[in-house]
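Trainee: So the chains spell out like this:
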Amino acid sequence: MKDQKFWTVVAGLALVFIVYWYLGHPIFKSDRIVMFFAVLLMMGTLIYYIRVAERGEKIFLRTIPGLKAIEEAVGRSTEMGKEVLYVPGIMDMDQVETVAGVIILGYVSRMTSRYETPLNVPVSRSIVMKAARESCKESYLIEGRPDLFHDDMVHYLTDDQFAYAAGVNGIMNREKPAACLYMGKFYAESLILAETGNSIGAIQIAGTASPSQIPFFVTACDYTLIGEEFFAASAYLSQKPELLGGVKGQDVLKVIIISAIVLATVFRFLNEMGWMGWNVLDFLTIQ
Amino acid sequence: MSGTEIFGGWVAAFLTLAIFSYLYKDNPFYKIAEHIFVGVSAGYWTSMFFWTQIQPNLFGRLWPKLEASEMSGGLMSVWYGIYNVLGAVLPAVFPAGGIDKGHGMHLIYIIPFLLGIMMLLSISSKLSWFARWGIAYTVGMAAGLRAYGFLNSNVIGQIKGSAVQFVGGLPFFNLLGDSIFNSLIIVVGTISGLIYFYFSKEHTGILGKVGRLGIYFLMISFGASFGFAVMGRISLLIGRFIDLIDYSKAGYHHATIWIMIVMVALLGYSAFKEKQAPPPTTE
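From first to last, the protein sequence lines are chains B and W. Numbering follows my numbering, in which position 98 of the first sequence is assigned residue number 98; successive positions increment by one, without gaps. Numbering follows my numbering, in which position 196 of the second sequence is assigned residue number 196; successive positions increment by one, without gaps.
Don't read these hints as lab results, they were simulated from the structure.
Estimated spans, in silico, between C-beta atoms of each pair:
#: 1; chain 1: B; residue 1: Asp152; chain 2: W; residue 2: Gly43; range: 17 to 27 Å
#: 2; chain 1: W; residue 1: Leu86; chain 2: B; residue 2: Phe283; range: 51 to 61 Å
#: 3; chain 1: W; residue 1: Phe166; chain 2: B; residue 2: Gly75; range: 48 to 58 Å
#: 4; chain 1: B; residue 1: Asp3; chain 2: W; residue 2: Val78; range: 48 to 58 Å
#: 5; chain 1: W; residue 1: Leu86; chain 2: B; residue 2: Phe60; range: 53 to 63 Å
#: 6; chain 1: W; residue 1: Asn57; chain 2: B; residue 2: Ile27; range: 30 to 40 Å
Think of the CB as a built atom: it goes at the ideal place given N, C-alpha and C, for glycine as much as any other residue.
Using the sequences and the hints given, assemble the complete structure.
Mentor: So this is what it looks like as structure tokens:
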């Protein structure tokens, strides 16, 4: 109960809802009440932990092996005098993976500016190009090396999936980057990219939440950030309170979800044995 | 078979073989195919976006074709006056009398129109900060729009799907259908997988063991997914081979065979010359 302001607002809203409910709750769809409370629970948990992080309380995140490797990859490129190739996926900024990829790009570009390592970011969407440029520009300014930044380090290739893959392959073959980082939303081009990176001997680190593409990255890359690890990585690297608090909030939600799975399984068992009339599956079916 | 079809067959056979030539090494044929692919697709998608989205869905809603009486008077005449000026410059995009794509007038589309212009302002170093508004809108809109869907399918749906059956005459083990063993696998796999993605605590002790079990489950599922995708890729490869076989027939004047002979000869000659060239000297 440290955050009195938060709990006061929660209590106030709960009171308003109770009054509204007993007044006949007009325009409220009662068959979606599970979803209503799920949205509230999720929002409340995330807001609570973001506020915790913003107050400056320490939020512990365990080390993710792939994160350390990013620094090693940039270091290797620096030693070899070769560039770092960063691929932020093939989708637009409306995909959460692309957003996470651009956040990690900010961290990578800070390192490349610090070590004066060339950075090459081919993109397949115009909005991603703009966002990635802004992110890199900010990093180079923060590190006090705006002279090293140039717009062409983030450049557009094409919107077409396989044409983009062919273009990135060409860059890999001709410029032979020492490190290839794939962080974003990928589809069938993932193996084409990772195989080419492997053939040129680059250290490769991938991060994606696309379940069907993770196997390809796991096979061909040195390190892979799997699903949630990828999002946690963007929080861990940026150290922004809203992201760190978000990860902590999601962890708490995972515990709630695990409890819900166990309870739902037990309730289904009791219902099917005839020991309980209430059907949990009907309850969880959202209209 | 028409001359255009035969020419198309030759182009398709050349580009397919040029891409396959990458299996040997990076070479001029691959570079030609790669640059054609990237350049043509960039132009193609720009044109497609403009003529299937911007012109009919954006301009078509801002300046739809209306009756002459509806366009006259007050603000409407000013609005369509702007349109007429644009039409004088680009008549193909802004045809006389308004754009007839079956839409009514929706002035709310001024917002995406302005956001689009803000994105274009990034060409000016002084006004480039306007582009951030478009990015902010895209990210915020997508997050809000998808939150409900993800919560429904990935959270509530997942809880419901994991509440599996353990009674009702299920066999203990069944390789293909429902069984108590399979239900157990689903529950244990889901929970241990979730625990692997728990970041707020170091994975030691029982948490570490359950997390390790979770990553085993994940790796098994990745392996199955990998095998499935490889099978899909093999069928795509077979599709390309079938096309190449078609192009090698007399109707296409044996395009595949001729192109392959020329490519192999040129690549072989190039390799031979490279071998004969003296090694670079270092001081």
